[in-house]
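Colleague: Line by line, the protein sequences are chains A and B. The opening position of the first sequence corresponds to residue 1 in the working numbering, with each subsequent residue numbered one higher. The opening position of the second sequence corresponds to residue 1 in the working numbering, with each subsequent residue numbered one higher.
A hint or two may mislead.
[As the list claims (entries may be wrong)] Just so you have them, the derived chain B footprint on chain A, three or more residues with Cβ under 8 Å:
1) 25 to 31
2) 47 to 60
3) 91 to 104
4) 248 to 262
5) 266 to 276
[Unchecked claim] Just a few of them, taken from the derived set where beta-carbon distance is under 8 Å, the chain A residues facing chain B:
6) Trp11
7) Leu13
8) Leu15
9) Phe44
10) Leu107
11) Phe112
12) Val113
13) Pro114
14) Ser120
15) Leu122
16) Thr226
17) Ile243
18) Ser244
These are computed hints drawn from the structure, not numbers from a lab. Ideal placement from N, C-alpha and C gives every residue a C-beta, glycine not left out.
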Amino acid sequence: MSLRDDFQPRWKLTLKWGWLSFAVFILMAPVFYTMYISFNELGFGAKYYIFTFQWYESVFSDKQLIGSLGWTMLLAIITLPIVIPFGLLSAKLYKQSQHKVGIVFVLLSPLFVPADILGSALLVFFKNLNKFFTLISEYTGIYALESWFDLGIMTAVIGLIVYTLPYVFVVIMITMARYKVEQTEAARDLGASAWRAFWEIEFPQIRAGVFSACAFVVILTFNEYTRTSLLKGGFDTFTSVLISQMLNTGMSEESYAMASIVSLVAIIIVSIILIVTAIKTEELEKITRVVKEPNK
Amino acid sequence: MIIFFVLPLLLTVVWSVFERTMFWMEPGFTLFSYENFFFSSRLENFLSSMFHSSISVICAFFIGFPIAIFIRRRVKKVAQHRVMLLFILPFMVSEIIRIFALRPILSRNGVLNSLLMDFNFIDTPISAFVFTPTGVVIGEIVSFLPFMIFSTFLALEAIPNYIFEVCADLGVNRRRMFKDILLPLAAPGLFAGSVFIFVNGIGIALIPTILGGPGSVNAGLIATQAIIALDFPLAMAVSAIMMFTLMGLLYIGHRLFNLTKLLEPIS
Numbered sequence: 001m002s003l004r005d006d007f008q009p010r011w012k013l014t015l016k017w018g019w020l021s022f023a024v025f026i027l028m029a030p031v032f033y034t035m036y037i038s039f040n041e042l043g044f045g046a047k048y049y050i051f052t053f054q055w056y057e058s059v060f061s062d063k064q065l066i067g068s069l070g071w072t073m074l075l076a077i078i079t080l081p082i083v084i085p086f087g088l089l090s091a092k093l094y095k096q097s098q099h100k101v102g103i104v105f106v107l108l109s110p111l112f113v114p115a116d117i118l119g120s121a122l123l124v125f126f127k128n129l130n131k132f133f134t135l136i137s138e139y140t141g142i143y144a145l146e147s148w149f150d151l152g153i154m155t156a157v158i159g160l161i162v163y164t165l166p167y168v169f170v171v172i173m174i175t176m177a178r179y180k181v182e183q184t185e186a187a188r189d190l191g192a193s194a195w196r197a198f199w200e201i202e203f204p205q206i207r208a209g210v211f212s213a214c215a216f217v218v219i220l221t222f223n224e225y226t227r228t229s230l231l232k233g234g235f236d237t238f239t240s241v242l243i244s245q246m247l248n249t250g251m252s253e254e255s256y257a258m259a260s261i262v263s264l265v266a267i268i269i270v271s272i273i274l275i276v277t278a279i280k281t282e283e284l285e286k287i288t289r290v291v292k293e294p295n296k
Numbered sequence: 001m002i003i004f005f006v007l008p009l010l011l012t013v014v015w016s017v018f019e020r021t022m023f024w025m026e027p028g029f030t031l032f033s034y035e036n037f038f039f040s041s042r043l044e045n046f047l048s049s050m051f052h053s054s055i056s057v058i059c060a061f062f063i064g065f066p067i068a069i070f071i072r073r074r075v076k077k078v079a080q081h082r083v084m085l086l087f088i089l090p091f092m093v094s095e096i097i098r099i100f101a102l103r104p105i106l107s108r109n110g111v112l113n114s115l116l117m118d119f120n121f122i123d124t125p126i127s128a129f130v131f132t133p134t135g136v137v138i139g140e141i142v143s144f145l146p147f148m149i150f151s152t153f154l155a156l157e158a159i160p161n162y163i164f165e166v167c168a169d170l171g172v173n174r175r176r177m178f179k180d181i182l183l184p185l186a187a188p189g190l191f192a193g194s195v196f197i198f199v200n201g202i203g204i205a206l207i208p209t210i211l212g213g214p215g216s217v218n219a220g221l222i223a224t225q226a227i228i229a230l231d232f233p234l235a236m237a238v239s240a241i242m243m244f245t246l247m248g249l250l251y252i253g254h255r256l257f258n259l260t261k262l263l264e265p266i267s
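Construct the complete structure from the given sequences, taking the supplied hints into account.
Modeller: So this is what it looks like as structure tokens:
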């Protein structure tokens with residue numbers, strides 16, 4: 001299938017496609033460069049380039065890096081089952097609500113608030129909550145409350161939920177846009193409960209969006225630095241190890257290799273999602289065309 | 001979201017007037033943190049980061065708007081979203097990796113200077129690409145350009161095709177089409193994209209830390225440095241100033257352009 005319309009001179013279209021491709025290439029250039037360095041036996045800044053897989057072989061012996069990957073994975077695993085249902089509920093609420101502006105404002109504003117600002121505000125908020133709960137535990141004698149909001153996994157997860165929810169909301173909204181509410185109404189008229197109508201009628205049609213949102217949450221959790229570093233407490237995440245190496249000793253060759261692996265995995269996951277979505281969309285469009293014009 | 005997003009941001013205003021103690025802060029009312037911000041070199045740094053962010057917004061407009069128009073007008077409808085999704089790919093790679101890798105690309109002996117010298121555009125390498133405000137602007141464009149393209153495309157997507165067809169039938173030239181149709185109708189998207197780049201440009205500390213060199217400081221960096229120095233009221237004052245800047249811009253944008261229009265194609 002051709003991607004272009006055909007009422008423009010070919011050279012102009014080529015020029016515009018060239019500009020678009022150039023912009024994508026520039027945005028991706030730093031990633032390609034990281035991958036390029038990761039294959040150099042002499043590492044970053046060397047005059048000569050000797051191709052090697054050596055750093056990929058030794059990457060798994062870097063205990064600090066592997067440990068940080070484990071922590072990051074744990075954060076993603078905890079965040080995922082909380083943020084996805086929130087995103088689904090928010091998208092459904094938005095569709096049914098009369099006060100869309102307020103919902104959009106609350107759900108999408110975190111996209112606009114810079115990471116350092118939100119991270120700082122949450123840090124002070126948690127420290128104050130901690131003091132509040134310490135007071136309550138002193139009065140009530142329930143000391144389990146005392147360390148609820150100590151900086152650690154829970155506070156980091158809350159920060160990640162606030163950060164990833166807007167993305168989950170938008171991705172699910174895009175898939176929900178194609179769903180016709182009349183189908184739920186029909187199912188309810190036939191006696192299905194609200195949950196059954198959702199699970200058996202609506203969910204199968206928005207499943208692709210939900211899985212895409214899951215992939216986005218995992219990738220965003222792996223990439224997030226500022227909020228997590230302010231809220232995580234004592235453990236290291238993948239990006240916090242990278243940034244401490246970058247700013248202090250310079251990135252190790254193993255870190256270049258690991259950064260390349262993480263980037264490549266993210267790119268492959270997103271590419272698969274794009275391809276599957278594209279195929280599904282095309283199938284749906286074909287069905288719509290056949291239903292609309294059965295004789296053609 | 002109200003407890004862990006709206007409330008902490010609103011409370012920054014309250015905490016910003018608290019008294020600073022040795023390691024924390026205590027309830028009280030003082031404007032010392034604001035004084036500390038507005039009557040020191042921090043204000044100069046803040047204004048300078050605003051200026052650099054404005055340049056990034058203008059550059060992102062000139063690079064991103066033509067791309068969004070091209071995708072909306074010249075790419076077939078079924079393929080438009082697929083092409084747009086190409087710009088999601090960079091977002092899926094850590095911002096740290098993308099920004100840090102710009103250092104060797106832009107440095108004096110880096111890839112960009114080598115290419116410019118190989119093609120005889122310059123004789124001696126340019127050292128202003130990194131550890132200068134130019135480096136910060138380049139970093140902001142590379143980091144945030146997709147947002148300008150997404151938001152503008154969303155606004156353009158809401159324009160029905162018949163408007164373009166009527167313009168073509170009436171013989172409207174390209175300049176007029178741009179000035180009277182595309183620009184006003186894409187305004188909500190352009191505004192949202194611009195606010196995003198502007199606010200993040202003055203609020204994200206990572207870009208000036210990695211690409212800006214010693215003199216580059218923005219609001220995000222002031223806030224994080226204040227936290228490291230245990231000056232929590234100052235960090236909260238900076239956060240409150242940023243929050244008011246953002247809310248003010250979004251309010252103006254919503255009054256002028258009704259920003260919820262941007263979600264119409266997906267709702």
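Colleague: Now tell me if each hint is right for this structure.
Modeller: Comparing the hints with the structure gives:
1. 25 to 31: Holds: 6 residues of the segment 25 to 31 of chain A have a Cβ under 8 Å from chain B.
2. 47 to 60: As far as the segment 47 to 60 of chain A goes, the hint is violated, because 0 residues have Cβ atoms under 8 Å from chain B.
3. 91 to 104: holds (count 5)
4. 248 to 262: As far as the segment 248 to 262 of chain A goes, the hint holds, because 3 residues have Cβ atoms under 8 Å from chain B.
5. 266 to 276: That given contact holds, which follows from 6 residues of the segment 266 to 276 of chain A lying within Cβ reach (below 8 Å) of chain B.
6. Trp11: This interface hint is violated because 13 Å lies over the 8 Å limit.
7. Leu13: Holds. Min distance 7 Å.
8. Leu15: Since chain B brings no Cβ nearer than about 10 Å to Leu15(A), farther than 8 Å, the hint is violated.
9. Phe44: At about 7 Å, which falls below the 8 Å cut-off, the nearest Cβ of chain B leaves the hint on Phe44(A) intact, so it holds.
10. Leu107: At about 7 Å, which falls below the 8 Å cut-off, the nearest Cβ of chain B leaves the hint on Leu107(A) intact, so it holds.
11. Phe112: Holds - the Cβ of Phe112(A) comes within 8 Å of chain B, reaching about 6 Å at its closest.
12. Val113: holds, 6 Å
13. Pro114: For Pro114(A), the interface hint holds, since the closest Cβ of chain B sits about 2 Å away, which is under 8 Å.
14. Ser120: holds, 5 Å
15. Leu122: Interface hint status for Leu122(A): holds (5 Å vs cutoff 8 Å).
16. Thr226: holds, 7 Å
17. Ile243: holds, 6 Å
18. Ser244: violated, 11 Å
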